[in-house]
Amino acid sequence: MKTTEQKVLKFIDKKNLLEKNDKVLVALSGGPDSVFLLLLLYKYKKKYNLTIGALHVNHKIRGSDADGDEKYCKGLCTKLDVDFYSIKKDVKSFSNRNKVSLEEAGRIIRYRAFEKIAAAYSYNIIATAHHGSDNVETVLLNLIKGAGLRGLSGIPFKRGKIIRPLLVLSKNEIIVWLNSNQIETRTDKSNLNIEFERNYLRNEIIPRLKEKFNPSLEETFLRTSEIFRLQSELVISLSQDLLINAFSTDSNGLHLDINKLTDVHPALVSALLKQKIDEHFSTEINYDDIQRIDALIKKQRGKKIELTAGIVCFREKGELIFSVNKPKTASEVIRLQIGETVPLVGKRLSIKSIAKNKIDFTDGTEYIDREKISGKSFLLRPWQPGDKFIPLGMRGTKKISDFLTEQKISSAKKKEQLVLINGEQIVWVVGLRIDNRFKLNDETRKVLKLCLF
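Just so we're aligned: the sequence shown equals residues 9 to 461 in the working numbering.
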């Protein structure tokens, strides 16, 4: 089984996924893939001088089975002497509230949890257990639904602090390694439910493709994805060079100077349009949207069109203006004291003092140092343009608008986002991240619990 391990190590080194002294947070579900990843990194931690921790996210979907997964993960980490963190989140409730599928809701929640714990405990790397078989599923799904170069690039091996060292392996290679080492893992029975698109591909379509056409489908797709990724990066790079001054932003939205598009190839315009709109509005526009924007650029003066996720685009003189088709919400300010609970729309927010040994990171909960707070009063209000804070785990300030975009908060949800303020400083971007200046440390004596429930 050394071959399997060496494949991963070679991939890690080739893609520069790890460096000496990295502090790695492993996404641990208890399933075969994540257990293999944790055990592999643990086995070779001296090679890179790694500090390893593991995070388990309980989706609260499968009842006692989900609790069993969490118990298994905690036991494994205790056995390995690896720091263990767990977060419980009601995925069904999030799915209904945000009108997204259970799969998408789970993905959003997991990545927010990874970022939160990594920032709180200074992990500079987040390792997830996506493997080559996952990549095949992703590329096929994107191809079936319609995708450009970026969609056909598959799962990236590195994005920001997130790495995926197992993309070089198939699911079967992982299972064989675990069996040969007599490692028992948890089984998520929902993965067998072919009502889910990905499960149908995994259990019904891909095995037939491998049997009929190519038993090494994972390796082929990994190479092909890499080709598409490089081509996608080239197109974006060329379009940015040619259209560097074509886009601008202000309080009205995203602006595109049509006059700067002269003699630029349509493929470059389309690529940069999609990238800029997706980034600015934290959504993903589709092929039809691009075609309608193109028609507006060419001939339809004065017309207003509606795009995906409530984005509107209209042509005014020599430019296109993209904005959210929603009026701004009224700015209500709520004052509250330590020990109080205030009602919000469908939720409540509380601030209370607790003992340091009672800290428990659960869904919607944060902790701050009481002695870094001025007085006992807080303000709760919608965020405003120009608001800044220092996100937990960072040193420099960041605009709230940029932070929300990075967190993939939709345009509609951005307008509902609240901030908790003490004095002149933002303490908490509610439900997402506290300010680094108020975090707990070894010298902390008094603790405040911030809870959104």
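Accuracy of the hints is not assured; some may be wrong.
Stated by the list, open to error - Here are the simulated DSSO-like pairs of lysine-lysine, each with C-alpha atoms no more than 27 Å apart in a straight line:
#, residue 1, residue 2
1, Lys22, Lys68
2, Lys447, Lys396
3, Lys447, Lys31
4, Lys28, Lys68
5, Lys153, Lys282
6, Lys307, Lys355
7, Lys96, Lys422
8, Lys124, Lys53
9, Lys169, Lys96
10, Lys311, Lys355
11, Lys355, Lys447
12, Lys169, Lys197
13, Lys307, Lys282
14, Lys166, Lys307
15, Lys15, Lys307
16, Lys124, Lys307
Derived from the structure by calculation, the hints contain no laboratory data.
Please work out if Lys22 and Lys68 have their alpha carbons no farther apart than 27 Å. 38 Å, violated
Verify the proposed pairing of Lys153 with Lys282, using a straight-line Cα cut of 27 Å. It holds: about 17 Å lies between the C-alpha atoms, which stays within 27 Å.
Given the hinted pair Lys307 and Lys282, is their alpha-carbon gap at most 27 Å? 20 Å, holds
For a C-alpha distance cap of 27 Å, please report whether Lys355 and Lys447 respect it. OK: Lys355 and Lys447 at ~24 Å, within 27 Å.
Distance restraint between Lys447 and Lys31, which requires alpha-carbon spacing of 27 Å or less: 19 Å, holds
Would you check the hint for Lys311 and Lys355, treating anything up to 27 Å between C-alpha atoms as holding? 40 Å, violated
Are the Cα atoms of Lys447 and Lys396 separated by 27 Å or less? Measuring from Cα to Cα gives roughly 17 Å; hence the hint holds.
Can the restraint linking Lys124 and Lys307 be considered satisfied, given a maximum Cα separation of 27 Å? Status violated; Cα separation ~47 Å.
Quick one, are Lys15 and Lys307 close enough, alpha carbons at most 27 Å? Roughly 54 Å separates the two Cα atoms, so the pair is violated.
Checking one constraint from the list: CA of Lys169 to CA of Lys197, max 27 Å. Satisfied? 30 Å, violated
Holds or violated: Lys166 with Lys307, Cα cutoff 27 Å? 41 Å, violated
Would the pair Lys124 and Lys53 pass a check requiring their Cα atoms to be no farther apart than 27 Å? 23 Å, holds
Checked against the numbered hints listed earlier, the structure breaks hints 1, 4, 6, 10, 12, 14, 15 and 16; every other hint is satisfied.
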